[in-house]
Amino acid sequence: MALKIVKGSIDRMFDKNLQDLVRGIRNHKDDEAKYISTCIDEIKQELKQDNIAVKANAVCKLTYLQMLGYDVSWAAFNIVEVMSSSKFTYKRIGYLAASQCFHEGTDVIMLTTNQIRKDLSSPNQYDTGVALTGLSCFVTPDLARDLANDIMTLMSHTKPYIRKKAVLIMYKVFLKYPESLRPAFPRLKEKLEDPDPGVQSAAVNVICELARRNPKNYLSLAPLFFKLMTSSTNNWVLIKIIKLFGALTPLEPRLGKKLIEPLTNLIHSTSAMSLLYECVNTVIAVLISLSSGMPNHSASIQLCVQKLRILIEDSDQNLKYLGLLAMSKILKTHPKSVQSHKDLILQCLDDKDESIRLRALDLLYGMVSKKNLMEIVKKLMLHVDKAEGTTYRDELLTKIIDICSQSNFQYITNFEWYISILVELTRLEGTRHGHLIASQMLDVAIRVKAIRGFAVAQMATLLDNAHLLTGNTQRNGICEVLYAAAWICGEFSEHLEDPMQTLEAMLRPKVATLPGHIQAVYVQNAAKLFATVLRKHDGETESQAAQETSQLLIDRLPLFVQSANLEVQERASCILQLVKYIQKLQQKNVEVAEEVTALFAGELNPVAPKAQKKVPIPEGLDLDAWINEPPSESESEDEKPKAVFAKEEPKHSRSRHTEVDEKELARRREVRKQEQANNPFYIKASPSSQKVYDAPGVEHIPVVQIDLSVPLKVPGMPMSDQYLKLEVERRQKEKAERKKKEKKKKREKRGKERKADSGPESEEDITPAHQVDIVTEEMPENALPSDDDDKDPNDPHKALDIDLDKYVPYCRHLQFIHVLHIIKPTVYWFPFQKSSKHKKKKQKKEKEEKEKKKKKRHHHHHQHHSDAGGEDSVQNGTVEEEEPLPVSQSHSVSLKQEVKVYDIQGNHQDESKVVVSVIFENKSDSFLKSMEFNVLDSLNSKLQRPEGAGAHDSLTVPFQLPPGVSNEARFVFSVQSIIMPQKLKGTLTFIVKSDESSTHEKLDFKLHFTCTSYLITTPCYSDAYAKLLESGDLKGSSLRLEGINMPFHHLLARICFHHHFSVVERIDSCASMYSRSIQGHHVCLLVKTSDQTVSIDAKCDEPSLLGNVLDEIKQTFSKC
Amino acid sequence: MQFMLLFSRQGKLRLQKWYVPLSDKEKKKITRELVQTVLARKPKMCSFLEWRDLKIVYKRYASLYFCCAIEDQDNELITLEIIHRYVELLDKYFGSVCELDIIFNFEKAYFILDEFLLGGEAQETSKKNVLKAIEQADLLQEVSPALAKQNVPLFVTV
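Here the protein sequences come in this chain order: H and P.
Note that the numbering used here numbers the first sequence so that position 528 is 648, with each residue one more than the last.
Note that the numbering used here numbers the second sequence so that position 113 is 537, with each residue one more than the last.
In case anyone wonders, no lab produced these hints; they're calculated from the structure.
Among the hints, a few may not be true.
To be verified - Label-pair restraints from in silico Cβ distances:
#, chain 1, residue 1, chain 2, residue 2, range
1, H, 1059, P, 495, 56 to 66 Å
2, H, 278, P, 563, 19 to 29 Å
3, H, 1150, P, 476, 49 to 59 Å
4, H, 849, P, 476, 43 to 53 Å
5, P, 476, H, 732, 23 to 33 Å
6, H, 1111, P, 563, 44 to 54 Å
7, H, 419, P, 495, 27 to 37 Å
8, H, 193, P, 476, 20 to 30 Å
9, H, 1147, P, 476, 45 to 55 Å
10, H, 1146, P, 476, 43 to 53 Å
11, H, 1069, P, 495, 50 to 60 Å
12, H, 377, P, 563, 48 to 58 Å
Stated by the list, open to error - Simulated crosslink set (DSSO-like; lysine-lysine; CA at most 27 Å straight-line):
#, chain 1, residue 1, chain 2, residue 2
13, P, 449, P, 532
14, H, 1208, H, 1155
15, H, 238, P, 441
16, H, 149, P, 441
17, H, 296, P, 451
Claimed, not checked - Chain P regions said to be covered by chain H (calculated; three or more residues, Cβ under 8 Å):
#, segment
18, 442–453
19, 468–480
20, 521–530
21, 545–559
A virtual CB, placed ideally from N, CA and C, is assigned to each residue, including glycine.
All chains, please: the whole structure from these sequences, using the hints.
If you want it as structure tokens, here you go:
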């Protein structure tokens, strides 16, 4: 044996440790994978040995390999082994490995529960610490449920080192097991005032994180946090608190007003940039949430903007970035304040850091006004020319378009200029955003009727010079604009000066190299142009021109008929046939122009993108019902290839009908109108077609008036710069004119229909060059209300949305809630203010006398939070409150106190002692002193009094309470039998000292001990459990619960949590559970559920204890 | 904070700490993506970037990048301070720390991090307290034959 040990240790000397492994990997750079696979083989051997040191070493190496990306999940069980080592050295490594390798899917995690519980209660604080740290990384819902109580106990540990860790980890526990939040909250709140700054900051951290997600439940803590904010000097804590206030103010505007002052003080005084930044952000958030009725509102904004300017001017790129980021928040509500710093932001566009330039671009978006749009865009166009990377250039391009098109082209005064900008943008090489430019062109041309003539001319030029765009072959996304150009020229061909030339341009052989969907548009619109040309020559007999046009089409179209693209092919052949037919008619001198034109009659209106969604479902229509029987699954779905721009190309179907038959055409037109009327994408409103709802009619679309104060045509290829000059001149002219008019005191009536929004002060003075009515997108009438912002249902924080100030039914019957209210000279029964909850708490611990001074292991505790009104308290019988004392004094100071016992802790070694901790909080405006606590002893339970004191003497509470202060005192009780629930009556007497007088007051209360609270969560393995049941020492009893409507695991969790059981084994809808009383009684449960019925078969060596526990369980569920 | 990564200029991961549960696959994907993104950034660029719905805060110390992912509302500057504080702690513990210290004592680097941050939140703002806790925990650590080798001066072949 000895030899084996020696041999073992010698072997180990040759084992690789972590350093050897790392070194080895570095030395095997060429064949790393091979080297590591041999290492893993070695590790597997090492893990097979019994020696824990070897195992730990192996696990340590595995942790390193895991980081390098190797799968080590196979060693999960070995990690658990190392975790359970009694030596800290190995335990530490085991927990580290677990925290790195375990995740929710790791199945061995469920084996760790008892080990972790043991470590949590270890006398060595570093064992506990290491367990808490590890748990924070791999806590699962099961672990959270099973260990919530243990961790909650640790929150009141004597060592701040443990307390702060326990507090922090509670946040993870809440996320995994939301039900623990309510009982843990009072204690968490208490930790906000922990004497140790580390614990305090941990509690602030946790509550801030909770409150950020569900702020409304934490409003009542605002006064406390306000106090902390004004007193704390720790920047880390301050930042959290300020962030919390940022989340609370939208819900409570009054809070915002209070905050502004301390926050501005901080902004002025702090030297820490992180704090400054947080304050500025919160001030911004506060000001956004406040209505503008604040007097010093603008001063605060000004301060923020100034500070941000300093940040942006700083040489530190980080501060610059954040400054711009924060500016963009101000911009949304106070654009004017930011606009004055335009110089600075434009300067940032030249920054060498791309992320800063992008931030500055974001800001520009909100800074434009009618006045400066052209100027800003000009500057951006310069940047486009200089920009080195295509990504940044594309970003600029999208920004230019965003800026110009924002809020329905609000800031554009001259659409000719905008079209020119778009045309200029088409000269960018290699941009991905051709389709974006194209859709803008389409949008403007369709919606701004006044600009169509100009747009068509520009597009015709584009088509004519198409070779410039397509030079770089098809990977060049810019050729998308040809799509728009062709469509605009075709659709609005009546504005074309020389349709024949454009038609010719659209049928050049080079077109065949364009992408298919563009060719298709070309072909289709060539037909439209053809119709226009025919109409132009209408009336001329034997028109040479018209016939030439037909011939041109007949010559050129066959090229497209051969196209590989089906769409192009189909359209081309249809149109070709149509043209051939027309040619025949022409030769017979038949007038065809009118009929051909009729093919393309009808006006298009833009439709809002959400229109389809907003169409109300008619009554009686069930969209989910099958129209026909569902097809068998084997049937393959034939998906049509999705045509690009399909929605914008609404006339596909028309080209099919080559027969020009007057009647047929009329019929089809009618049909089409009907279709359109029923199709929300084609909301048209001729009275005949109103089927489903009333759509706005054409006459509702505002009529465009063109003010030709600017020549519509700019000679040559348009340059946007020219417009800038023209614009400046125009404005000066207008100004002069207006002055004249003002002298005459004539009110100028403006044709603007849209409201002038918040622009710079002089915004009003600028009239658009074209008095343009932008056709707004149509929406169906009686559209459904907006249905945006769906929250992510999977957000784990959602479950934590628990109203902590609300009394929740299932807590009502929790035992050991002893609330004492002292309501003095007042008629109110209970303090209902939100901030006046949980005033006093009592904690009890059971202890054994001889071990009184020894550190206790807190096997279980039970917390409860209640702010029930008195009615509730009386109902459930757990809170015994005497009637409010009659008012004997004449002054109307109201004093409120609450005493709550929420924690009873037991220990297997302590069979007869209980320590009750009471937290007293004075909520009144008066000073409370000379408090004395007394309980009327029963035979079974006695308050321990100091030696020499009489059996009925009161115990003095060793402190006084100034207004608003709370403190804790402990009292020891001895308990004989635990098999019955008990109640003790007690009295608290105290002196109320106010300005004028002092009075003696008293408060009666009852302490209620349930049997559940004597139970301690004790783990039990299934074999031991089976033996226990077989032993036959236990007496049985059973319980049936009806109408329990909750998932089985919730049910179990509730029993575990509220009644201190642990699950031994669970199979489907059946589980065995175990618990133990402080005096060593075994309690076993077999819980089964079917439908809504739960049956519990229970066994215990003490029948009356069992009966009482079952009653309490029943109560738990009957009230939920 | 959602996670913290330490990696070298060559893109080798040196330390990873995840405060949100993710599968190994997802972790690897994120790591790869972030290492690439961060390494591609030029030295003069600011330390923040938006990534998915998170914000990435990173800082380079000598050959090592420290990279943290924080949520939308979190404060970037305090995260930089956290990174800096961690580097200071490493520096104090190892005595002018270098990348090799972290490579060869990576478990120590984790222990220090765990004393400093818990569940992604700073648990101790005092450097002194963190180091004290680490030292005391180290004292508890017994020197076993297998681990004794760790204390032999390292003849590092780099």
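Outcome of the hint check:
| no. | hint | in the structure |
| --- | --- | --- |
| 1 | 1059(H) - 495(P): 56 to 66 Å | holds, 58 Å |
| 2 | 278(H) - 563(P): 19 to 29 Å | holds, 21 Å |
| 3 | 1150(H) - 476(P): 49 to 59 Å | holds, 56 Å |
| 4 | 849(H) - 476(P): 43 to 53 Å | holds, 49 Å |
| 5 | 476(P) - 732(H): 23 to 33 Å | holds, 30 Å |
| 6 | 1111(H) - 563(P): 44 to 54 Å | holds, 51 Å |
| 7 | 419(H) - 495(P): 27 to 37 Å | holds, 31 Å |
| 8 | 193(H) - 476(P): 20 to 30 Å | holds, 26 Å |
| 9 | 1147(H) - 476(P): 45 to 55 Å | holds, 53 Å |
| 10 | 1146(H) - 476(P): 43 to 53 Å | holds, 50 Å |
| 11 | 1069(H) - 495(P): 50 to 60 Å | holds, 57 Å |
| 12 | 377(H) - 563(P): 48 to 58 Å | holds, 53 Å |
| 13 | 449(P) - 532(P) | holds, 26 Å |
| 14 | 1208(H) - 1155(H) | holds, 19 Å |
| 15 | 238(H) - 441(P) | holds, 25 Å |
| 16 | 149(H) - 441(P) | holds, 25 Å |
| 17 | 296(H) - 451(P) | holds, 20 Å |
| 18 | 442–453 | holds (count 7) |
| 19 | 468–480 | holds (count 6) |
| 20 | 521–530 | holds (count 3) |
| 21 | 545–559 | holds (count 8) |
Comparing the model with each numbered hint stated earlier shows that all of them hold.
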